[in-house]
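Chain by chain, the residues run as shown.
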Amino acid sequence: MAGNTDDVPEKPPYSRVIVATLHTLANPARFLKIARPLTGSFLALGIALIAIAVWAGLSQTPPDYLQGETVRILYIHVPAAWLGMGGWSGIAVASLSLIVWRHPLAQVAARAIAWPGAVFTALCLATGSIWGRPTWGTWWQWDGRLTSMLLLLFVYLGYIALARADADRGGDGRIPALYGLAGTALLPVIRYSVVWWNTLHQGQSIGLTGSSIDRSLLWPLPIALAGFTFLFAAIVLMRMRTLLAQAKAEARMRRMARA
Amino acid sequence: MSQWSFVAAAYAVMLGGAGALTLVSYLAMKRAEK
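Here the protein sequences line up with chains A and B, keeping their order.
My numbering puts the first residue of the first sequence at 1, with every later residue one more than the last.
My numbering puts the first residue of the second sequence at 1, with every later residue one more than the last.
Hints listed in this document are in silico derivations from the structure and should not be mistaken for laboratory results.
Heads up, a few of these hints could be off.
[Claimed, not checked] Subject to a maximum C-alpha distance of 30 Å in a straight line, what follows is the list of computed DSSO-like cross-link-like pairs (lysine-lysine):
{"no.": "1", "chain 1": "A", "residue 1": "K33", "chain 2": "A", "residue 2": "K248"}
{"no.": "2", "chain 1": "B", "residue 1": "K34", "chain 2": "A", "residue 2": "K248"}
{"no.": "3", "chain 1": "A", "residue 1": "K248", "chain 2": "B", "residue 2": "K30"}
[Claimed, not checked] Have a look at the derived ranges for each label pair, beta carbon to beta carbon:
{"no.": "4", "chain 1": "A", "residue 1": "I99", "chain 2": "B", "residue 2": "S2", "range": "31 to 37 Å"}
{"no.": "5", "chain 1": "B", "residue 1": "L23", "chain 2": "A", "residue 2": "G210", "range": "35 to 41 Å"}
{"no.": "6", "chain 1": "B", "residue 1": "G16", "chain 2": "A", "residue 2": "R255", "range": "40 to 46 Å"}
{"no.": "7", "chain 1": "B", "residue 1": "G16", "chain 2": "A", "residue 2": "R102", "range": "38 to 44 Å"}
{"no.": "8", "chain 1": "B", "residue 1": "A20", "chain 2": "A", "residue 2": "A182", "range": "29 to 35 Å"}
{"no.": "9", "chain 1": "A", "residue 1": "T138", "chain 2": "B", "residue 2": "K34", "range": "20 to 26 Å"}
Since this is a predicted model, take the numbers as computed values, not measurements.
Heads up, the beta-carbon is just placed ideally off N, CA and C, and yes, glycines get one too.
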């Protein structure tokens, strides 16, 4: 009978699909089966997109009417800032997965993200400083955006030290996970620092609804953002594979020592 | 200093840093999975 829904299997809600996917990936062997081909693909895609963005940013866009040629630093500085903050968001999500669902790979993922996140935060500060010298006449200013970004770097370094100490002492990763969640409080401070305080750093120029930057200058930026994001993902997968291989080797050594 | 010197320095720092991080991560992965 048409309209009889008894024979039609009910579609699972999206939340159940997400949880099922997370459980599927919880098995390290299954995760590695997916991660191995993805690592090379992400790396190749990232390098190709970065090459296009660098070529376009250095040769296909006009100089800015105010900043001149130095505006080209935009195409590397913004991706570094995006990955510095995005990396910490990744640590927060992994930390939440560890605390709430005890996901076995969450701790590995958070530890794998920490170093690349810290490096891209440092690169954001370095490229910003180089951009600041010809634009503002100074390498550094203790203003809201620059100082909050420097704090994020220190928070990353604190997480790296804490996670390593926890792993060395055979901890379950809950203390670094709580630190990972607490550090998230810094993200809105960075985001709104240019709104809350009168800073030397320019205000928000790119939003969800539009941009104050002219299209002729803006178009290589999404390519650069995509390229560096794929590179970041490839690095995180490489580091996750390293941590899993090291854990496997340590477990084998322990078994051999007991035998 | 010309503006291009600052642009070149920023790109060298970013690409050098990202490249070094990628290389170190790749070598560590290969060593661990051997």
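May I ask which of the numbered hints given earlier this structure violates, with the numbers listed in increasing order?
4, 9
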